[in-house]
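**Q** Work the whole structure out from these sequences, hints included.
Protein chains: 4
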Amino acid sequence: MTVRFGVLGAGRIGKVHAKAVASNPQAKLVAVADAFEKAANDLAGAYGCEVRSIDQIEKASDIDAVVICTPTDTHADLIERFVLAGKAVFCEKPIDLDAARVEKCLGVVEKAGGTLMVGFNRRFDPHFAAVRKAIDDGAIGKVEQVVITSRDPGPPPAEYITRSGGIFRDMTIHDFDMARFLLGEEPVAVTATASVLVDKKIGELGDFDSVSVILVTASGRQCVISNSRRATYGYDQRIEVHGSDGMVSAENQRAVSIEVAGALGYTRPPLHDFFMTRYTEAYAAEIAAFIASVTKGTKISPDGKDGLMALRLADAALKSAKEGKTVRL
Amino acid sequence: MTVRFGVLGAGRIGKVHAKAVASNPQAKLVAVADAFEKAANDLAGAYGCEVRSIDQIEKASDIDAVVICTPTDTHADLIERFVLAGKAVFCEKPIDLDAARVEKCLGVVEKAGGTLMVGFNRRFDPHFAAVRKAIDDGAIGKVEQVVITSRDPGPPPAEYITRSGGIFRDMTIHDFDMARFLLGEEPVAVTATASVLVDKKIGELGDFDSVSVILVTASGRQCVISNSRRATYGYDQRIEVHGSDGMVSAENQRAVSIEVAGALGYTRPPLHDFFMTRYTEAYAAEIAAFIASVTKGTKISPDGKDGLMALRLADAALKSAKEGKTVRL
Amino acid sequence: MTVRFGVLGAGRIGKVHAKAVASNPQAKLVAVADAFEKAANDLAGAYGCEVRSIDQIEKASDIDAVVICTPTDTHADLIERFVLAGKAVFCEKPIDLDAARVEKCLGVVEKAGGTLMVGFNRRFDPHFAAVRKAIDDGAIGKVEQVVITSRDPGPPPAEYITRSGGIFRDMTIHDFDMARFLLGEEPVAVTATASVLVDKKIGELGDFDSVSVILVTASGRQCVISNSRRATYGYDQRIEVHGSDGMVSAENQRAVSIEVAGALGYTRPPLHDFFMTRYTEAYAAEIAAFIASVTKGTKISPDGKDGLMALRLADAALKSAKEGKTVRL
Amino acid sequence: MTVRFGVLGAGRIGKVHAKAVASNPQAKLVAVADAFEKAANDLAGAYGCEVRSIDQIEKASDIDAVVICTPTDTHADLIERFVLAGKAVFCEKPIDLDAARVEKCLGVVEKAGGTLMVGFNRRFDPHFAAVRKAIDDGAIGKVEQVVITSRDPGPPPAEYITRSGGIFRDMTIHDFDMARFLLGEEPVAVTATASVLVDKKIGELGDFDSVSVILVTASGRQCVISNSRRATYGYDQRIEVHGSDGMVSAENQRAVSIEVAGALGYTRPPLHDFFMTRYTEAYAAEIAAFIASVTKGTKISPDGKDGLMALRLADAALKSAKEGKTVRL
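Line order of the protein sequences matches chains F, P, D and G.
Numbers given in the numbering used here equal positions in the first sequence, counted from 1, plus 203.
Numbers given in the numbering used here equal positions in the second sequence, counted from 1, plus 203.
Numbers given in the numbering used here equal positions in the third sequence, counted from 1, plus 203.
Numbers given in the numbering used here equal positions in the fourth sequence, counted from 1, plus 203.
Errors might be hidden in some of the hints.
Here are some chain D residues pointing at chain F (derived, C-beta under 8 Å) [to be verified]:
1. E347
2. V350
3. T394
4. S398
5. S415
6. I417
7. S429
8. T435
9. H445
10. M450
11. K528
In short, the hints are calculated from the structure, not lab data.
Cβ atoms here follow ideal geometry from the backbone N, Cα and C, with glycine treated the same way.
**A** Now the structure itself:
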């Protein structure tokens with residue numbers, strides 16, 4: 204069975220998902236929509252599909268599923284509309300920056316019996332997925348401590364910061380999802396510290412650029428997260444999980460694995476320079492998993508609740524950083 | 204401009220190239236041909252193209268280029284036919300197992316002013332290509348010594364051995380091409396030693412499974428090649444190049460970069476298990492380079508002469524191994 | 204000039220320091236003292252020195268310096284006695300488990316104009332020292348975030364736990380010293396979380412075995428520390444420091460750097476199994492630095508104040524873990 | 204039991220061995236001898252031993268064993284003298300540059316029932332020794348192919364070249380010994396190629412600076428050796444052994460294991476800069492093994508025959524390189 208897709212939003216992340224859909228042998232990219240006509244036309248041209256309005260896609264009988272890549276503040280409304288229209292929905296994170304709005308949205312989805320997957324792409328990275336598999340296979344015994352390193356190559360532009368909901372809801376939220384994915388228990392306490400070290404302007408906008416977070420579960424399992432908005436050596440994405448019998452870790456990735464040795468030492472190239480090159484395989488696997496859920500009814504993961512839980516951790520972390528105390532959930 | 208392709212041969216390597224063609228935005232896979240109807244139908248079905256006979260493809264006005272993936276003993280004839288038919292030709296290595304036949308074929312290609320590229324895929328591996336680029340950029344000074352390690356995960360079936368022309372013409376030939384690609388000078392002497400260590404049956408068929416080769420150029424640059432038909436830990440493909448100012452090397456590749464640490468030590472997964480997974484990116488880049496040559500006239504590399512030179516090195520290595528002396532070219 | 208040493212305490216750590224003294228060409232091991240006669244005799248025999256009582260060493264005119272390796276609760280008294288006796292003093296950490304007692308002791312040392320070095324051996328590990336040097340050389344720009352991983356191969360015996368002052372004062376204290384050594388600013392806030400995951404008995408003794416700590420300096424620099432009393436794969440000791448221009452890190456160490464590759468993957472041996480093998484070079488360099496301070500008057504580092512500051516961080520971390528809030532210093 | 208040593212020769216390698224002897228708890232350095240009075244005095248001063256003449260050491264009743272570190276052309280004579288004088292002899296490689304002279308010397312040793320160990324230090328490197336142990340433990344099955352990389356940081360001075368016997372007898376001879384140590388069978392054929400790529404003066408002296416060698420045993424096991432007199436990135440010493448079940452390899456060593464990451468990539472420091480720093484542990488273990496042979500009668504390895512066999516391989520390699528053909532032994 205082939206799943207027929209509409210992609211809503213033809214911006215940066217829309218292109219990523221359109222490519223993943225177009226390359227999947229069990230998917231057909233039928234239409235894209237975007238408020239900017241040129242963006243929609245360009246994307247449609249690249250993959251030989253139609254340009255339609257969001258309304259047209261909502262009513263289309265030749266579209267089974269949509270990928271929502273529009274601005275964040277439209278996500279919850281579009282999820283509700285398309286679930287009610289009977290489409291399977293894949294929505295880029297976050298559902299909304301406000302947890303109450305997310306809860307309402309999830310209520311609509313549940314009542315409608317809708318299909319909703321949320322775009323935490325890292326669960327589908329083959330290396331991180333292999334870390335999870337090693338845990339599930341018992342390779343390290345019982346999970347005890349998780350250490351997540353996540354550093355962006357460089358800070359986003361000011362206007363992005365303004366709309367992002369802040370570093371915890373925009374960047375650390377991915378790490379909160381990975382923490383939940385790997386800890387095997389729900390975090391019950393969050394302690395965070397946040398600084399402005401990279402760029403003063405980020406501070407002037409009320410946000411932070413360098414944060415450290417500790418999560419603790421009911422049984423005392425711990426997760427430490429280290430984030431920065433800048434890493435001169437590339438997109439630093441590492442995970443290690445310590446258990447009663449050992450450790451499993453995922454290394455950083457680079458496009459080219461060569462090493463040049465000379466009088467100054469041994470040098471390997473910088474890491475991938477951005478999330479789109481680093482997570483190419485993850486985006487493809489993510490859409491494949493969504494398609495499998497639509498066609499074979501496999502369990503949706505991450506689902507709307509996963510989106511909500513990660514957001515609650517982000518809210519708690521922000522509160523902890525501001526008040527200087529542990530926040531319990 | 205889009206290049207319209209016919210693929211001749213729908214076997215293992217035919218599938219690899221058909222996928223590379225189908226995935227390339229500047230190529231269109233028009234037809235496949237194969238003596239086995241089912242193989243042709245299956246491949247055509249997977250990519251939504253036609254099944255045609257070789258004759259039909261030869262005469263087709265809607266096909267610009269062919270990829271020859273048929274049995275080795277048909278390569279030279281097909282190259283000649285399709286070059287004379289005005290098609291650009293990409294031919295899997297080798298052109299022929301007999302150097303005289305290759306020379307005659309290249310004469311026909313040259314006289315016809317035809318386009319012929321030979322499938323030494325490793326030149327297009329991003330890691331090996333980066334090694335070459337580092338050399339070209341002057342990162343290691345003047346090249347002095349090249350060390351190539353190439354070990355297959357396991358020996359091929361006996362019937363393959365019989366048709367292969369022997370390990371030097373089948374397996375080491377890739378390393379001979381890489382040696383020429385990296386040495387910056389033509390080898391003028393070959394010294395080889397060959398043993399049967401992996402499987403006695405290979406010896407009974409008159410072939411070897413473990414070989415070591417030294418190449419030397421006119422100025423004394425050296426290349427050492429180490430081959431085995433078996434590597435329990437996966438497809439071992441490494442290169443290091445030493446120059447007057449330093450060394451550049453390409454590491455092995457694995458599908459998943461995780462490490463599990465426990466009481467017995469730190470363990471990373473085996474390498475890729477075969478050439479098709481190891482060289483996925485190389486096959487795509489190879490077809491892209493061929494397309495660029497067809498559409499933009501960029502220099503063909505590797506061309507027919509490269510195929511001939513590698514074959515001559517293979518012939519010389521076999522002679523050296525049998526006679527126990529250095530063979531000069 | 205040769206410095207003539209007495210070693211007080213011939214137990215595990217006493218042996219380590221006696222060896223470092225005996226191997227140093229600028230030191231002479233004159234005498235050892237221990238309440239257990241056999242321990243003192245054995246150690247004296249191994250290095251061809253005398254057995255004396257602590258009183259005798261205090262009064263000896265042929266001893267310039269002492270290394271205090273006796274039980275923790277005797278450290279402060281012995282420091283005071285030997286400083287007043289005019290000996291240079293190297294004391295194993297900690298000076299005392301009680302910060303007020305440490306302060307009093309340091310007052311005595313200061314008034315006497317005595318020489319006191321405290322045994323935070325990790326500052327002298329060649330790898331960690333090279334990390335600090337890279338920072339000092341400007342290799343990573345301005346320090347922003349430090350990540351310290353420190354895991355023991357296995358938990359100590361219960362009786363050790365009881366006397367240790369708890370994990371923060373016994374184990375994390377080394378990491379607090381490294382944090383101060385690398386951050387370039389004094390921490391002003393400590394947030395810690397502590398669990399019992401490895402061994403329930405540790406919890407029954409009122410201690411923890413798994414802790415995560417965040418330190419923050421006045422300008423917002425952060426340090427994350429991850430500790431466990433168990434690592435099946437050996438003594439896990441890593442440091443990474445992130446700065447405005449890059450990162451510098453020190454890898455783990457193992458006794459033998461081989462790798463075995465087979466059908467199950469690539470395996471390297473476990474890490475060093477204990478601090479004495481891991482930090483062999485550090486102990487030698489530490490004594491050499493102490494000797495240099497005695498003979499050439501080079502600045503003592505780490506000194507008594509460093510010992511006090513690390514203890515205060517440990518006390519603050521314990522308070523934070525118990526009260527669930529950030530503790531400011 | 205303590206073995207009492209005399210060291211003959213107080214030059215570079217004499218100092219290395221004197222230190223190994225002085226640091227060994229079961230050895231006592233009694234005396235050193237050197238034609239240059241100052242060299243002997245300096246070395247004796249550093250370790251608090253006497254200066255004696257070679258004659259005096261030969262007749263000394265308080266000396267059990269000697270370490271011969273004099274110029275190569277004196278080795279065979281001194282071995283004979285000291286064996287006949289009843290001393291256990293450790294001789295730096297080579298015994299002599301002439302195989303016939305070595306044979307005569309070994310005849311004298313055998314007739315006298317003397318103890319003779321030859322200084323192939325690499326067998327005692329903990330990493331290479333662990334490679335051998337992994338083979339002996341069956342970790343890789345039956346040995347099939349050995350790959351040895353050995354590159355000096357820089358070429359020796361011309362006067363050293365002149366006395367060295369040439370690169371095969373001076374440098375590659377260590378690799379020939381390692382090959383024999385690891386192959387598990389005696390090589391029966393040698394094929395070598397030799398170039399002058401690093402320094403023309405080396406060629407003018409009749410020597411080479413870059414060589415590649417293939418050894419083959421009776422059953423067809425192969426060893427490839429790659430040598431250069433120059434490696435800008437340090438002392439490159441690697442071994443890998445391939446067997447029927449897998450591979451074992453020993454990595455390069457560096458003094459400090461840190462990595463600096465920045466915009467240009469990830470850089471680790473160069474390797475050790477010379478054999479004395481690279482093989483510090485090996486020299487200590489070598490003398491310890493010699494002492495064990497003297498005191499406990501453990502089998503001498505490498506013995507005089509090992510020295511002779513390596514020299515024969517060197518002679519064969521030189522002949523092969525000059526004549527362009529495989530030389531059988």
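**Q** All hints are to be evaluated individually against the structure, with a verdict given for each.
**A** For each hint, the structure was consulted:
1. Evaluation of the D:E347 hint against chain F yields a held restraint, the C-beta minimum of about 5 Å falling below 8 Å.
2. With a least beta-carbon distance of about 6 Å to chain F, the hint placing D:V350 at the interface is held under the 8 Å criterion.
3. Annotation: D:T394 was flagged as interfacial toward chain F, and the flag holds, the nearest CB pair being 5 Å apart, inside 8 Å.
4. At about 3 Å, the closest approach between the beta carbon of D:S398 and any beta carbon in chain F falls short of 8 Å, and the interface hint on this residue holds.
5. The beta carbon of D:S415 is positioned within 8 Å of a beta carbon in chain F (closest approach about 5 Å), and the interface hint is therefore held.
6. Restraint check, D:I417 versus chain F: the minimum CB separation of about 5 Å is within 8 Å; hint holds.
7. At a threshold of 8 Å, the smallest CB-CB gap from D:S429 to chain F is about 5 Å, leaving the interface hint in force.
8. At its closest, the beta carbon of D:T435 sits 5 Å from a beta carbon of chain F; the interface hint therefore holds under the 8 Å criterion.
9. Interface restraint check: D:H445 against chain F, minimum CB-CB distance 6 Å, threshold 8 Å, status holds.
10. For the restraint placing D:M450 at the interface with chain F, the shortest Cβ-Cβ distance is roughly 6 Å, inside the 8 Å limit, so the hint holds.
11. For D:K528, the shortest C-beta to C-beta distance to chain F is roughly 4 Å, which falls under 8 Å, so the interface hint holds.
Of the hints listed earlier, there is not a single one the structure fails to meet.
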